[in-house]
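Student: Start from the sequences, fold in the hints, and give me the full structure.
Read top to bottom, the protein sequences are chains W and D.
For the first sequence, full-length UniProt numbering assigns the number 1 to the initial residue and increments by one for each residue that follows.
For the second sequence, full-length UniProt numbering assigns the number 1 to the initial residue and increments by one for each residue that follows.
Mixed in with the good hints there might be a few duds.
[To be verified] In silico BS3-like pairs for lysine-lysine, Cα to Cα no more than 27 Å straight-line:
1. W:180 x D:180
2. D:17 x D:41
3. D:183 x W:63
4. D:183 x W:93
[To be verified] If you want a taste of the chain W side facing chain D, the calculated C-beta under 7 Å gives, among others:
5. 103
6. 107
7. 110
8. 177
9. 188
10. 189
Simulated from the structure, these hints should not be mistaken for lab results.
None of the values given here were measured: they were computed from a predicted structure.
Don't be surprised by glycine CBs; every beta carbon is placed ideally from N, CA and C.
There are 2 protein chains.
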Amino acid sequence: MVATIQLYDLELLGLPKTVFSCNTLKTRIALNLKGLPFETKWLDFATVKEVIPTLTKQNPELKRPTVPVIVDSISGQDKVIQDSYDIAVYLEKQYPNTPSLFHNNPGVHRFFQQYCESVLLLPLFKLVMFIIHKQCGPDVLQDWWREDRERMFGCSLDVFAGNRDDNILAVKNALLPIIKVLKEFPFMTGEQVGWADVVLAADFKMMAALDPVTFESVFLSGFETPADDVLIQNWWKRMSVYI
Amino acid sequence: MVATIQLYDLELLGLPKTVFSCNTLKTRIALNLKGLPFETKWLDFATVKEVIPTLTKQNPELKRPTVPVIVDSISGQDKVIQDSYDIAVYLEKQYPNTPSLFHNNPGVHRFFQQYCESVLLLPLFKLVMFIIHKQCGPDVLQDWWREDRERMFGCSLDVFAGNRDDNILAVKNALLPIIKVLKEFPFMTGEQVGWADVVLAADFKMMAALDPVTFESVFLSGFETPADDVLIQNWWKRMSVYI
Numbered sequence: 001m002v003a004t005i006q007l008y009d010l011e012l013l014g015l016p017k018t019v020f021s022c023n024t025l026k027t028r029i030a031l032n033l034k035g036l037p038f039e040t041k042w043l044d045f046a047t048v049k050e051v052i053p054t055l056t057k058q059n060p061e062l063k064r065p066t067v068p069v070i071v072d073s074i075s076g077q078d079k080v081i082q083d084s085y086d087i088a089v090y091l092e093k094q095y096p097n098t099p100s101l102f103h104n105n106p107g108v109h110r111f112f113q114q115y116c117e118s119v120l121l122l123p124l125f126k127l128v129m130f131i132i133h134k135q136c137g138p139d140v141l142q143d144w145w146r147e148d149r150e151r152m153f154g155c156s157l158d159v160f161a162g163n164r165d166d167n168i169l170a171v172k173n174a175l176l177p178i179i180k181v182l183k184e185f186p187f188m189t190g191e192q193v194g195w196a197d198v199v200l201a202a203d204f205k206m207m208a209a210l211d212p213v214t215f216e217s218v219f220l221s222g223f224e225t226p227a228d229d230v231l232i233q234n235w236w237k238r239m240s241v242y243i
Numbered sequence: 001m002v003a004t005i006q007l008y009d010l011e012l013l014g015l016p017k018t019v020f021s022c023n024t025l026k027t028r029i030a031l032n033l034k035g036l037p038f039e040t041k042w043l044d045f046a047t048v049k050e051v052i053p054t055l056t057k058q059n060p061e062l063k064r065p066t067v068p069v070i071v072d073s074i075s076g077q078d079k080v081i082q083d084s085y086d087i088a089v090y091l092e093k094q095y096p097n098t099p100s101l102f103h104n105n106p107g108v109h110r111f112f113q114q115y116c117e118s119v120l121l122l123p124l125f126k127l128v129m130f131i132i133h134k135q136c137g138p139d140v141l142q143d144w145w146r147e148d149r150e151r152m153f154g155c156s157l158d159v160f161a162g163n164r165d166d167n168i169l170a171v172k173n174a175l176l177p178i179i180k181v182l183k184e185f186p187f188m189t190g191e192q193v194g195w196a197d198v199v200l201a202a203d204f205k206m207m208a209a210l211d212p213v214t215f216e217s218v219f220l221s222g223f224e225t226p227a228d229d230v231l232i233q234n235w236w237k238r239m240s241v242y243i
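Tutor: Next up, the structure:
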């Protein structure tokens, strides 16, 4: 299959070509799961503000210039889709003969995504936030990143980050009900892989990319029993073919 | 279709023929969703202890005598299945030409069930616990129920029940991420109904059966906006055909 899809992804200038964003990762993993070839267009925290509003024809004052964005050059037209969930819905409809993400059960997959965003991703982000800040580019970009996020969070980055041990415990606790499902099924979706697995794997990969040591100790080991550790390691191995 | 299935359900002596158990409700709703006719065998908190171990041939010392149990008299054999989830798995396999519960996505439905059990059902049960206690039968049965539950919870019923306002708030909060999904889809499963909806409807019906006034004010109204109230009321109407 010829690659008709361009994926706009974000890189840290201090970690070039390292995929670290859980949002662009969701699209990347979904494309791989569907076996759709794509070409990556790399942006950084400086260029994303210029390129994305041009692509999406949005007023940059009104909406944040976020990735992922895909441009699908299909039937002589460029289809531009923003946001990992909207891209997944588009891919599901546009390429019905590729492996399904939602298996006609999008509601319950969305519920799981919501759980991950509020319960798992928040403490995860707090654990890696200063790594992103430090690697995002030269001082001027770091200063912008800090100011932009502090305005968004309504407090200083230090206050927002909180206590590292609390964040580690919150991640561990967030993974407990996930481990219970993996005791019964090879994937979060069930016998087969789906959007729930894509969302979870994106969060795992974000941590693995930015802080592999913490990833090993918090995401892959130290659960209630060694059998639980193996369970989540095996799921991670199963997902690694899509990442 | 001739009814080959007998469903063992639990009734409160103070509320005869009122289905109140969220566990037997899950089976009842699942059977209705699949369009499988069944006959109800009513037990109470006294007879359940005698009948269920005989049916399941379990040692009553080792395992709690719980409902639901179904007996499916199919092909001259009686198949006895206990536990609402195991019954759902059985029905899905035994009657593949009826509407599906899991749509091949059991993992993500199980995750939702786990969420309901730990986050929604616990405060719900605390709200209705004394109603069950008071209506379960004569004094001797009420005393047994109290002792049995206090042993299970490791504290007095009063301590376990906690504060009513806290429980109401916990139920409201548990419903917030559910309302978010219902903003996008008619059912928790998505465009179609599934096990996630069965689990949630069983919890709703438990509250509606035992305390209809609290049900109206906590489960069906008083959310962030009137539109949210309508959203959950409409889902409840959609589910009522299966209850």
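Student: If a hint holds in the structure, say so; if it does not, say that too.
Tutor: Status of each hint after checking the structure:
no. : hint          : result
1   : W:180 x D:180 : holds, 24 Å
2   : D:17 x D:41   : holds, 10 Å
3   : D:183 x W:63  : holds, 22 Å
4   : D:183 x W:93  : holds, 21 Å
5   : 103           : holds, 5 Å
6   : 107           : holds, 4 Å
7   : 110           : holds, 5 Å
8   : 177           : holds, 5 Å
9   : 188           : holds, 5 Å
10  : 189           : holds, 5 Å
No hint from the list above goes unmet by this structure.
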